[in-house]
Amino acid sequence: MILRKRFVWVPLILLIGVVACGILISRKSQSQISIPNLPSIPSIGIPTIACPTDKDGDGLDDLKDIVTGAKAEVERKPQYLSAYYQKGYPPESEGVCTDVVWRAFRDAGYDLKSLVDQDIRVNLGVYPRVQGKPDPNIDFRRVPNLIVFFQRNAQVLPREIKPGDVENLTLWQPGDLVTYGLPHEHIAIISDKRRSDGVPYILHNAGPSPIESDQLESWPSTITGHFRFPRF
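Going by the working numbering, the sequence shown opens with residue 2, and the numbers climb by one from there.
Treat the hints loosely; a few may be bogus.
To be verified - Pair ranges (Cβ atoms, derived):
| hint | residue 1 | residue 2 | range |
| --- | --- | --- | --- |
| 1 | G46 | G110 | 45 to 55 Å |
| 2 | P135 | P164 | 19 to 29 Å |
| 3 | I50 | T223 | 20 to 30 Å |
| 4 | P48 | E218 | 35 to 45 Å |
| 5 | Q119 | E76 | 27 to 37 Å |
| 6 | T171 | S94 | 21 to 31 Å |
| 7 | R160 | P129 | 29 to 39 Å |
| 8 | G165 | I50 | 39 to 49 Å |
| 9 | S94 | I45 | 22 to 32 Å |
| 10 | Q156 | R130 | 19 to 29 Å |
| 11 | D59 | G133 | 37 to 47 Å |
Don't read these hints as lab results, they were simulated from the structure.
Note that the structure is a prediction, hence the values are computed from the model and not measured.
The beta carbon of each residue, even a glycine, is placed where N, CA and C say it ideally should be.
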């Protein structure tokens, strides 16, 4: 009987020892892989430039109105759909990246379609995407045409982005426009939201609906333009 009891106790003692060792090893491993407290990145203040014009007389300057209009698109969530529409305008429930722009301009009191159509009529040769045949149903919704229009009618600004550089990032104001080239041709509006290093978010529609996102630097195409409208 005594021998049998010893045979019972020996495995039990070994099992308890193994469990205890496992707990100690686990605690040691957890302490070794614990993530140290990393220093936080301080937020920097980027001054907002006051726009002197208020086209629609609503008490908000044009750049603030453009941001407000773009954010309204984000809230409305029109679905991304690239199509051709008679009279040019898609229904409010649909749109692409360029539709965020003209709708935001509409909120500021500007008829971007009329402005683009008029500039194309008078200066047809400088709009290569039109190919000599203006089409008011689509011209104002094409990124290459908007690039030409803003190069001619807006303030053209530097395209370089320097995170953490107040002087550089002050050039990137809410309501500005940024364009990207091929292969992922795109246009977006600069938001009033910024990262802690001062780089602004963008308001845009790349599908399935408009969003505000941290993609100014990470959009998978090169920046081809940075504009401010109206010019002041």
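Hints, verified against the model:
1. Between G46 and G110, the C-beta spacing of about 30 Å breaks the proposed range 45 to 55 Å.
2. Judged by the Cβ atoms, the range 19 to 29 Å given for P135 and P164 is violated: they are separated by roughly 41 Å.
3. Separation of I50 from T223 is about 25 Å and conforms to the stated range, judged on CB atoms against 20 to 30 Å.
4. The hint said 35 to 45 Å for the Cβ distance between P48 and E218, and at roughly 21 Å that hint is violated.
5. Distance hint for Q119 and E76: a CB-CB separation of about 31 Å, consistent with the stated range 27 to 37 Å.
6. The hint said 21 to 31 Å for the Cβ distance between T171 and S94, and at roughly 37 Å that hint is violated.
7. Range check, R160 to P129: about 21 Å between beta-carbon atoms, so the 29 to 39 Å window is missed.
8. At about 19 Å, the beta-carbon gap between G165 and I50 misses the expected band of 39 to 49 Å.
9. Hint check: S94 to I45, Cβ distance near 39 Å, so the stated range 22 to 32 Å is violated.
10. Range check, Q156 to R130: Cβ separation about 22 Å, and the 19 to 29 Å hint holds.
11. The given range of 37 to 47 Å is respected by D59 and G133, whose C-beta atoms sit roughly 39 Å from each other.
Checked against the numbered hints listed earlier, the structure breaks hints 1, 2, 4, 6, 7, 8, 9; every other hint is satisfied.
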